[in-house]
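S.K.: Sequence:
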Amino acid sequence: MTTTDDEFTAIWGDYPNYDDIARFDYGRRMWRRPVMGARLLAHWLDPRHPYRERFSERRAMIEGVLASEAGLVDLDTRLRECGTSLRCAAREIPPVFGSFFAHALG
1 MTTTDDEFTA IWGDYPNYDD IARFDYGRRM WRRPVMGARL LAHWLDPRHP
51 YRERFSERRA MIEGVLASEA GLVDLDTRLR ECGTSLRCAA REIPPVFGSF
101 FAHALG
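Letter 5 of the sequence shown, counting from 1, is numbered 5 in the working numbering, and no numbers are missing.
In case anyone wonders, no lab produced these hints; they're calculated from the structure.
Predicted model only: the values in this text are computed from it and were never measured.
One or more of the hints may lead you astray.
Computed beta-carbon distance windows for the label pairs [said to hold, decoys possible]:
1) Glu57 <-> Phe8: 26 to 32 angstroms
2) Met61 <-> Met36: 18 to 24 angstroms
3) Phe100 <-> Gly64: 21 to 27 angstroms
4) Arg48 <-> Tyr26: 18 to 24 angstroms
5) Glu69 <-> Asp5: 20 to 26 angstroms
6) Pro16 <-> Asp74: 17 to 23 angstroms
7) Ala38 <-> Tyr15: 31 to 37 angstroms
8) Ala38 <-> Phe8: 19 to 25 angstroms
9) Cys88 <-> Asp46: 32 to 38 angstroms
10) Ser56 <-> Met30: 17 to 23 angstroms
C-beta atoms are modelled at their ideal positions from N, C-alpha and C, and glycine is treated no differently.
Take the sequences, apply the hints, and build the full model.
M.R.: Set out below in structure tokens:
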């Protein structure tokens, strides 16, 4: 799914944060693989993860964004109807880091 330059700017703004975009893109790709999705979830819920509480508060929204099959424009439109945006939702996806990700799910 590709977007035009105008659609890209409408979604990500005039000054896109490419770290957020990458976290969304790669997070979505990994989420669609059941084993990786389970590892991400275990990692983000791990007590050692510094964003665990924030993820827990926004878990339904984040999981919905990652699992969505909608195109970027449609997903952004749906999120805006709920009072947020894809740009904001992407920022809420927790990072993956630390040696404890390698050991997620034992």
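S.K.: Does each hint hold? Answer for all of them.
M.R.: Results of checking the hints against the structure:
Taking the beta carbon of each, Glu57 and Phe8 are about 29 angstroms apart, inside 26 to 32 angstroms as hinted. Taking the beta carbon of each, Met61 and Met36 are about 20 angstroms apart, inside 18 to 24 angstroms as hinted. The hinted range of 21 to 27 angstroms is satisfied by Phe100 and Gly64, whose Cβ atoms lie roughly 25 angstroms apart. In this structure, Arg48 and Tyr26 meet the distance hint of 18 to 24 angstroms, their C-beta atoms being roughly 21 angstroms apart.
As the Cβ distance of Glu69 to Asp5 is approximately 24 angstroms, the hint placing it in 20 to 26 angstroms holds. Between Pro16 and Asp74 the CB atoms are about 19 angstroms apart, so this pair conforms to the stated range of 17 to 23 angstroms. Taking 31 to 37 angstroms as the suggested C-beta distance range, the pair Ala38 and Tyr15 conforms, at roughly 35 angstroms. Taking 19 to 25 angstroms as the suggested C-beta distance range, the pair Ala38 and Phe8 does not conform, at roughly 31 angstroms.
The hint said 32 to 38 angstroms for the Cβ distance between Cys88 and Asp46, and at roughly 24 angstroms that hint is violated. As the Cβ distance of Ser56 to Met30 is approximately 19 angstroms, the hint placing it in 17 to 23 angstroms holds.
Violated hints, in rising order: 8, 9; the structure is consistent with all others.
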